[in-house]
Amino acid sequence: MNADRRGDERVVAALRRLARATDVPPPDEARETALLRAFDRRQPARPVRAGAWWLSALSAAVALLIAVVVPLGTSGRRATSPPPGDRSAAHGTAAAGGGVRTAVPVGNFIPWPGASTLPPLESGELIRMDLPVSMLPSLGVAPPASHVSAVTADVVIGQDGLARAVRFVGN
Amino acid sequence: MVKNMLFLAAVLAMAGPAQAQDNQQLAEMKAKIEREAVAARVPLETITTGAPYSAETLMESTQALADGNRISRKTTGRVYRDGSGRVRREEDRQDGGVSISIVDPIAGASYVLDPNTRIAWKSSTNAVVTLMKSAADNEQQRAELERAMAEKKMAIARSGGAPPREVIAARGTLEKIAAEGPLEHRTIDGIAVEGRSASKTIPAGQIGNERPITIVSEEWRSPELKVLVMTHHSDPRTGESTYQLTNIIRGEPDATLFVVPAGYEIRETGMRREQK
Chain A
1 MNADRRGDER
11 VVAALRRLAR
21 ATDVPPPDEA
31 RETALLRAFD
41 RRQPARPVRA
51 GAWWLSALSA
61 AVALLIAVVV
71 PLGTSGRRAT
81 SPPPGDRSAA
91 HGTAAAGGGV
101 RTAVPVGNFI
111 PWPGASTLPP
121 LESGELIRMD
131 LPVSMLPSLG
141 VAPPASHVSA
151 VTADVVIGQD
161 GLARAVRFVG
171 N
Chain B
1 MVKNMLFLAA
11 VLAMAGPAQA
21 QDNQQLAEMK
31 AKIEREAVAA
41 RVPLETITTG
51 APYSAETLME
61 STQALADGNR
71 ISRKTTGRVY
81 RDGSGRVRRE
91 EDRQDGGVSI
101 SIVDPIAGAS
111 YVLDPNTRIA
121 WKSSTNAVVT
131 LMKSAADNEQ
141 QRAELERAMA
151 EKKMAIARSG
161 GAPPREVIAA
171 RGTLEKIAAE
181 GPLEHRTIDG
191 IAVEGRSASK
201 TIPAGQIGNE
211 RPITIVSEEW
221 RSPELKVLVM
231 THHSDPRTGE
241 STYQLTNIIR
251 GEPDATLFVV
261 PAGYEIRETG
271 MRREQK
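Note that the protein sequences, when read in sequence, are chains A and B. Sequential numbering of the first sequence, starting at 1, is according to our numbering. Sequential numbering of the second sequence, starting at 1, is according to our numbering.
Only chain B is shown next, with the shape it has when bound in the complex (with noise of 0.2 Å):
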């Protein structure tokens, strides 16, 4: 929830003066999407097995603003993951709430836990196998095009030819450019981990700045567990963010942990739109 609440945040401040103007109707959207919010999820997890462990998570964005203020926010949670791939998640809640929710790939199902209402929202993993499919296609279609793009540029400049024209007329819309490579291996909480690093910077003058834009995102991931133990994201639009896995135990969680609790009524769909 207060993930949710964060982006939400970010969703506001992106909306524009023309919404800042109407308070009323901002509050009236918050409103309602904090009535939805736990109705209107569904949990993405990518299905790993036989690798359990359990860890708090900690999630920190930091935002300077132009005037030397700053925005500081912090979600504390933790996840657990048994060797048959089922995930629970919890997320601490501003009110002091905890939101929950759990992935079991064995019984073909996720759920939102509402704590408040009693109600579990069950959604099917064949939607959110797909959905992660989905996104990841996005992602590997963008990657392959920024790699695509890249040696052509250095084709291009190993020639010393004009760039083709189809370089020229994807400028517009491949305005960063990829540099990446591993870091140092590591041990992150008494884990070892592997890192990877990638840089991409906007050209001078490609969206309006003065000066190039550097972008930096480093990941730490455990070959033993996989799974990200830590990432940080540094761009200075939008400011730096670090999530990080901590107190991480190996081994198998309760069991319990990846039921419905007794009590909850099941609901079919996780996804609703408006809560009655």
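With the rest of the complex left out, here is chain A (with noise of 0.2 Å):
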């Protein structure tokens, strides 16, 4: 019994570092498309037999094989974040992603909530982070569709410790 558990969390955390380590594109609308399209004309329409219901069980199954399995085979891992104030190798990475479309902005600084009621920035610190997806609505920016948990991001901490404003690093 604890066997199988160690081996669980083994298989978890083996998932997580895959998770972790592997940026997943946004679902292809073409591709879905023309996969839902052809599943569709495979499937003439028919009375449903009692027993065949597997079949379709199994149908939906492959394409979700698919459709996980393809995106993880053609993306890589992350690659090595740009330095600070490298506007353009921020955006070149997203760009170098193939097109990919991500909701999350890169490259620009974004005020952080609450900022404009701060005193002025005089001194303070970029400090480049992991912030959990989770945060992104109250930043104003909406979640990437891929499963990934944290975004790499540049944050703006003035001399009192607060944040002032935030900006995403291509990954």
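These are computed hints drawn from the structure, not numbers from a lab. Quantities reported herein were computed from a predicted structural model and do not represent experimental measurements. Glycine is no exception: its CB is placed at the ideal position from the N, C-alpha and C atoms. It cannot be assumed that every hint is accurate.
Said to hold, decoys possible - Label pairs and their calculated CB-CB ranges:
#1 B:GLU268 x A:PRO137: 35 to 41 Å
#2 B:THR130 x A:ARG37: 45 to 51 Å
#3 A:HIS147 x B:ASN116: 42 to 48 Å
#4 A:ALA13 x B:GLU252: 40 to 46 Å
#5 B:ILE71 x A:ALA14: 34 to 40 Å
#6 B:GLY97 x A:GLY140: 50 to 56 Å
#7 B:ILE47 x A:HIS147: 40 to 46 Å
#8 B:ASN69 x A:THR33: 51 to 57 Å
#9 A:GLY7 x B:LEU58: 49 to 55 Å
#10 B:LYS133 x A:ARG10: 48 to 54 Å
#11 B:THR201 x A:ARG10: 51 to 57 Å
#12 B:ALA64 x A:ARG10: 39 to 45 Å
#13 B:GLY97 x A:GLY7: 36 to 42 Å
#14 A:GLY140 x B:GLN94: 31 to 37 Å
Said to hold, decoys possible - Derived list of chain B stretches under chain A, where covered just means 3 residues or more per stretch with a C-beta under 8 Å from a C-beta of chain A:
#15 43-53
#16 207-219
#17 222-231
#18 235-242
Make the complex out of the two chains shown on their own, each in a separate frame, by following the hints.
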């Protein structure tokens, strides 16, 4: 029992490592549409026979597997982030992804929530860190469609320790 | 470092219940940021010449929780600036160490010193200036937008007419109304300072709030030293925070403070995503 549990934990840990190391592009609508059409063509309208339900389930599972595995196979590991201030590099990284669309704006600073009420930025630090995807909506940014749990960002922190602005770095 | 950890705590607090559920993931993230914190930092400074000083820095924040609990944090450090605009900042860390940064506009470089690894992470001050300008432009654009909107609202109020369409459209992104003005001049720690206060209100219902939320920000600046001597920020949503310079000493600090100490390995970039 314990061995099974340890095995499960190892699998979960490995999947998490894989998830962190892999950037999955958003769903390809054209590919998805073509897949659905092909699926429809293979399934002419006819009464569904009792007992054949598993065929539909199997087809759906195969389609889901293709949708998940194909992007995994075509995407590489995360690239090294560009240095701060290298805006073109940040844009370039996004562009190098083969025109992958992302809802997260890369390169430009956006104000941190509530920063408009803070004293002026006189000194501070730029800190590169991974922000949880769950906090993107509070920054006014739509989370990416991929399964990533964190996005790399440069956060400007003022002399008082309070955040002023954030920009997202292309992965 | 302490400041970074305070910020991290705020980030994690904002991350939401979903993140809070995965304690292991949060712990991993925290450990990762702690590991990279020194390497993944670039100091930012407004370059000011001809006004040398040294002082101690104090940052305090207090947050009152809904259950009556309170979270109080305090960070201390030191700052040194010479007449040519070089700045050294030291921040006391919770582990007893000190985080040190040096910005040297003469050499065109800034450094973050890691006493544990004896590595000085070097960045170009051009990048620092660009970053400061970018952040400042951001603030300026926002201020100009708010000012323009306030003027438009005043004009509407004077004419007694209905608000034009663009005001209605912009209201969703401009929920705060500014009211600002000078404070009485005073002396802090023997330094004459000029004060300014800005009060902003989030009207009731704007973000689901039953009553208006008032945010107050005050700043005291020394015209002589050209530096913020004290700031105070009060926001019911996040609590109160204060930044203050104490024990201010006019005059040139020791020149050796602005030089990377011997025995440090200088690495060309101050920003590394992963520390090998």
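To see whether the hints hold, each was checked on the structure:
The beta-carbon spacing between B:GLU268 and A:PRO137, approximately 37 Å, falls within the hinted interval of 35 to 41 Å. Checked against the given bound of 45 to 51 Å, the beta carbons of B:THR130 and A:ARG37, roughly 49 Å apart, stay inside it. Remark: the range hint 42 to 48 Å for A:HIS147 to B:ASN116 is contradicted by a beta-carbon distance near 35 Å. With their beta carbons about 55 Å apart, A:ALA13 and B:GLU252 fall outside the hinted range of 40 to 46 Å.
Separated by about 37 Å at the C-beta atoms, B:ILE71 and A:ALA14 satisfy the suggested range of 34 to 40 Å. Separated by about 36 Å at the C-beta atoms, B:GLY97 and A:GLY140 break the suggested range of 50 to 56 Å. A hinted range of 40 to 46 Å holds for the C-beta pair B:ILE47 and A:HIS147, which are about 43 Å apart. Checked against the hint of 51 to 57 Å, the C-beta distance between B:ASN69 and A:THR33 comes to roughly 53 Å, which is consistent with it.
The hinted window of 49 to 55 Å between A:GLY7 and B:LEU58 holds, with their beta carbons roughly 52 Å apart. A hinted range of 48 to 54 Å holds for the C-beta pair B:LYS133 and A:ARG10, which are about 49 Å apart. Between B:THR201 and A:ARG10 the Cβ separation comes to about 54 Å, which falls inside the hinted range of 51 to 57 Å. The hinted range of 39 to 45 Å is satisfied by B:ALA64 and A:ARG10, whose Cβ atoms lie roughly 44 Å apart.
Checked against the given bound of 36 to 42 Å, the beta carbons of B:GLY97 and A:GLY7, roughly 41 Å apart, stay inside it. For the hinted restraint 31 to 37 Å between A:GLY140 and B:GLN94, the CB-CB distance of approximately 32 Å keeps it satisfied. Residue count for the stretch 43-53 of chain B with a Cβ under 8 Å from a Cβ of chain A: 4. That meets the three needed, and the coverage hint holds. With a cut-off of 8 Å between beta carbons, the stretch 207-219 of chain B has 4 residues touching chain A; three or more are needed, and the interface restraint holds.
Residues of the stretch 222-231 of chain B lying with their CB closer than 8 Å to a CB of chain A number 3, which satisfies the three-residue condition for coverage. For the stretch 235-242 of chain B, the assignment as covered by chain A holds, since 5 residues bring a beta-carbon within under 8 Å of that chain's beta-carbons and 3 suffice.
In this structure, the hints that do not hold are numbers 3, 4 and 6, in rising order.
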